[in-house]
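Enquirer: Residues per chain, in single letters:
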Amino acid sequence: MKTKFFLILLLLAAINLNQPWAQTPDDSVKIALQEMKDRLDGISENVATLNSDVSILKWVKISGYIQARYEYNDSSQNGVTGGYDVSKNLNANNFYIRRGRIKFTVQPGSASKYVIYFDASKNTVSLKEAYVELYKNIEKHNLTLTFGQFNYPFGYEIEYSSSKRDFPERSLAENNLLKGERDRGVNLTWVLPKYLQVNAGLFQGYGIEDKNFTWFDPTKAKDVIGRAKVKLGAVDFGLSGYWGKTYFPGSAAVSGVTIWYDANVNGIIDAGEIKTSAPRAAVPAVEKDKIRYGADAQVYLDFLPLGGTGIRGEYYQAKDNDKDERGWYFWVSQNIFTRFGAAARYDYWDPNTDSNAKNDATGTLSLALHYFWDSYVRITAAYYIPHQLKENSLFTKYSGDRKDNRFTLQFQFMF
Amino acid sequence: MKKLLIPSIILVLSVATGLSVFAGKTITVKGSDTLLILGQRWAEIYMSQNPGVVIQVTGGGSGVGIAALINGSTDICEASRPIKPSEIDKLKERFNTTGVEIPVARDGISIYLNEENKVSELTLDRLKGIYTGKITNWKELGGEDAKIVLYGRENSSGTYVYFKENVLTGADFASQTQTLPGTAAIVNAVAKDKYGIGYGGAAYSKGVKYCKVKKDSQTPGYEPTLENVKSGKYPISRYLYWYLRNKPTGEIKKLVDFVLSEQGQQIVSKVGYFPVK
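Top to bottom, those sequences are chains A and B. Take 1 as the starting number for the first sequence in the working numbering and just add one per residue. Take 416 as the starting number for the second sequence in the working numbering and just add one per residue.
Treat the hints as calculated values from the structure; they're not laboratory data. Careful: at least some of the hints might be erroneous.
With a straight-line Cα cutoff of 20 Å, these simulated EDC-like cross-link-like pairs (lysine to aspartate or glutamate) come out [as the list claims (entries may be wrong)]:
1) A/113 - B/540
2) B/499 - A/169
3) A/61 - B/502
4) A/122 - A/169
5) A/37 - B/608
6) B/662 - B/530
7) B/629 - B/502
8) B/630 - A/169
9) A/164 - B/540
10) B/629 - B/508
Derived coverage of chain B by chain A (criterion: at least 3 residues anywhere in the stretch with Cβ under 8 Å from a Cβ of chain A; other residues may be distant) [unchecked claim]:
11) 466-474
12) 509-520
Glycine included, C-beta positions come from ideal geometry on N, C-alpha and C.
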C-alpha cells in the first residue's frame with residue numbers, strides 16, 4: 001500500500017514538473033516579459049512597415065482654391081442680343097465660380113517633382129498645368145528644368161498667384177499680351193540663392209486658351225522667353241523678354257461665278273436675271289513678329305503701425321501683327337493688422353500706340369478691400385472704374401466714356 | 416452702382432470687425448521642436464513676471480511655424496533654420512513684408528551615439544557617408560561588426576534642413592533613415608539602440624553620448640560645448656531664430672526684449688543652448 005502511495009506521489013510529481021504552473025514566480029515574470037517583448041517587436045515591425053507606407057503618402061501634396069463671386073456691372077441690361085442670340089448675354093450681374101482649382105504635387109525626393117493642376121469653373125473643367133521638374137544643385141547654384149505645361153516665365157503678375165493677388169483680375173495689358181498665363185514648353189531656371197533668379201525657355205507660343213491652335217504650333221521655330229529677377233530684400237525688380245512669331249492663316253482663292261435664271265419664264269435672260277460674284281485671290285498665310293518686353297519692380301515697406309505696405313509697378317511694351325502696344329500698372333497694397341487689407345491700382349492699356357483714336361486706350365482704377373476670415377478664407381470687395389482715354393492722355397477720360405464700372409464681391413477658400 | 420458699393424463695403428467691414436479677434440494679450444509662438452523647451456521656459460518666466468499676458472507655445476517643426484507665420488495663425492515663429500527665399504516671397508504676397516529675423520540662441524547640432532558604442536568621433540565626410548547610406552557598418556568606422564541604424568527628423572524640421580544642407584551638402588538622406596517626430600524621440604531611440612545614431616539639438620542629450628565631430632581627418636574632434644560652439648571649432652553649429660511678420664511693437668516687443676535680455680539669455684544657457692550675447 002505504502003509502495004503504491006509512494007509511486008502515485010512520484011508520478012504526480014513527475015507530471016507536475018512537466019507543467020508550466022510548476023514554474024517559480026520569477027520564471028513566470030520572465031516568460032510574460034518575453035511574450036511582451038515579442039509582441040512589441042511584432043508591433044515595431046508593423047509600425048516600421050506602416051511608416052514606410054505612410055511616408056509615400058507624404059510625397060503627395062494637394063492644394064487648391066475656390067473663388068465664388070457676385071459681380072455687378074453698370075453696363076448690364078435684361079435679355080440677350082437681338083432678343084434671340086442666347087450666346088450673347090446682355091446682363092453681366094451674376095453669381096458664378098471664377099476659379100475652382102485643385103493641384104496635385106508629387107515629390108518623392110529632392111531631385112524631381114510632378115504637378116498636375118485643374119480648373120473647374122463656369123461649367124467646364126480644364127487642364128491648367130501639367131509638368132515635370134528636375135532639380136540639380138551645383139554648389140550654391142540651384143538649377144530647375146521644367147518640362148510640360150506651366151506658367152510663362154514673364155513678368156511679375158504671372159508669378160503672383162491669383163489666390164494671393166489683391167484684385168480679382170490681372171491688369172488689362174497682361175490679359176491681352178499673355179492670355180491664359182500658361183503654355184507648353186521647356187524652361188531652365190537658375191537660382192543663386194537670395195539674390196538672383198534667371199529663367200530661359202522655349203514655348204509653343206499660343207498659350208492654353210488659343211481657339212485655333214489648341215495644342216499644336218503651326219510654326220516650326222519655338223518662341224523664346226527669358227526673365228531675370230533680382231531680389232534685394234525690401235526691393236525686387238525684374239526684366240522679361242519674349243521673342244516669337246504669330247502665324248495668321250490665309251484663305252484659298254475663290255472663282256468668279258456667273259449664274260442666270262429665267263425667273264419670269266419669257267424665254268429671254270433679262271439683265272436682272274444674271275448674277276455674277278467676283279473672283280477672290282488667295283490670301284497667303286503670313287508670320288508676324290510677336291515681341292514683348294517687360295520691366296517690373298516691387299518695394300516692401302514696414303513703417304506703418306498698421307502693417308506692411310507693398311508698392312508694385314510693371315511696364316509692358318509689345319508688338320503684334322505690326323501694331324505697337326503698351327501697358328503698365330501702379331499698385332499700392334496695405335495690410336491692416338492681420339485680418340484686413342486694402343489696395344488701389346491704376347492700369348493702362350493701349351493696344352495700338354500709333355493710333356490716336358479717342359477711345360483707343362483704357363485706364364482702369366481698381367480698389368479692393370479684404371477681410372481674412374481665418375487662415376483659409378478671404379473675402380474681397382473690389383470696384384473697377386475703367387475709362388476710355390482722350391488721345392495721347394494717360395489719365396483724362398474721353399467724354400464719351402462707356403458706362404462700364406464693375407463691382408465684385410468674392411469669397412475665396414484656399415487650402 | 417454707388418448705392419450698392421458703399422453698403423457692401425460697410426457690410427464687409429462691419430461683419431469683419433464684429434468677428435475679428437484682436438486677441439489683446441495672447442501671444443502665440445509656434446515652430447521648431449528644437450526650440451520648444453526654450454520657448455516654453457521663456458514663456459513661463461515672462462508670464463510669471465507679466466500677469467495678464469498669455470503666451471501659447473507649440474512645436475511642429477520650423478517649416479510648420481513658418482507656414483503659420485505666413486498664413487497668419489501665429490504671432491511668432493520659432494525656427495532652427497533661416498527662412499527660405501520662397502517663404503519670404505509668400506510673406507511678401509500675403510503681408511507686404513519681408514519678415515523680421517531675430518537670432519535668439521545658438522545651437523550645436525549634436526551627433527548622438529549609444530553610450531556602449533565604441534565609436535566616439537567622426538569627420539563630416541563620414542557623417543555624410545553614414546546618412547547617405549554609403550557607410551552602413553560600424554566596423555568601417557572602428558566599431559563593432561554591426562549594421563548602422565539611422566535616426567533622423569521629418570522634413571518639416573529645421574534640424575533636418577540644416578543637417579541636409581550643411582552635413583549632407585544637399586544630398587538625400589538614405590532611404591533606411593527612420594524619421595522620428597522630435598529630437599527627444601531621437602535621443603530616446605539611440606539610448607535604446609546600441610547601434611543607433613541620431614542628430615539634434617544640444618538640449619536633448621540625456622541617456623546618450625555626444626560624438627565628437629571633426630571638420631576633416633587632419634583636425635581634432637570637438638564636442639558641442641559652449642566654448643567650441645562660440646569659437647567655431649565645433650563644425651556644425653547654427654543660430655536659432657524667432658521670426659515676426661513686422662517690426663515688433665507692444666507686448667511682442669516687450670517679449671522680444673526679454674528674450675534678448677541678460678535674464679532671457681541666462682535661460683538659454685540653463686536649457687542647454689548657447690546665448691547670442
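Enquirer: Decide, hint by hint, whether the structure agrees.
Expert: Hints, verified against the model:
1. A/113 - B/540: violated, 28 Å
2. B/499 - A/169: violated, 28 Å
3. A/61 - B/502: Satisfied, since the Cα-Cα distance of roughly 17 Å is no more than 20 Å.
4. A/122 - A/169: holds, 16 Å
5. A/37 - B/608: holds, 15 Å
6. B/662 - B/530: violated, 46 Å
7. B/629 - B/502: The given pair, whose Cα atoms are some 33 Å apart, is violated under the 20 Å limit.
8. B/630 - A/169: violated, 54 Å
9. A/164 - B/540: Violated, at roughly 43 Å.
10. B/629 - B/508: violated, 42 Å
11. 466-474: With 0 residues closer than 8 Å to chain A, the stretch 466-474 of chain B misses the three-residue bar; violated.
12. 509-520: holds (count 6)
Violated hints, in rising order: 1, 2, 6, 7, 8, 9, 10, 11; the structure is consistent with all others.
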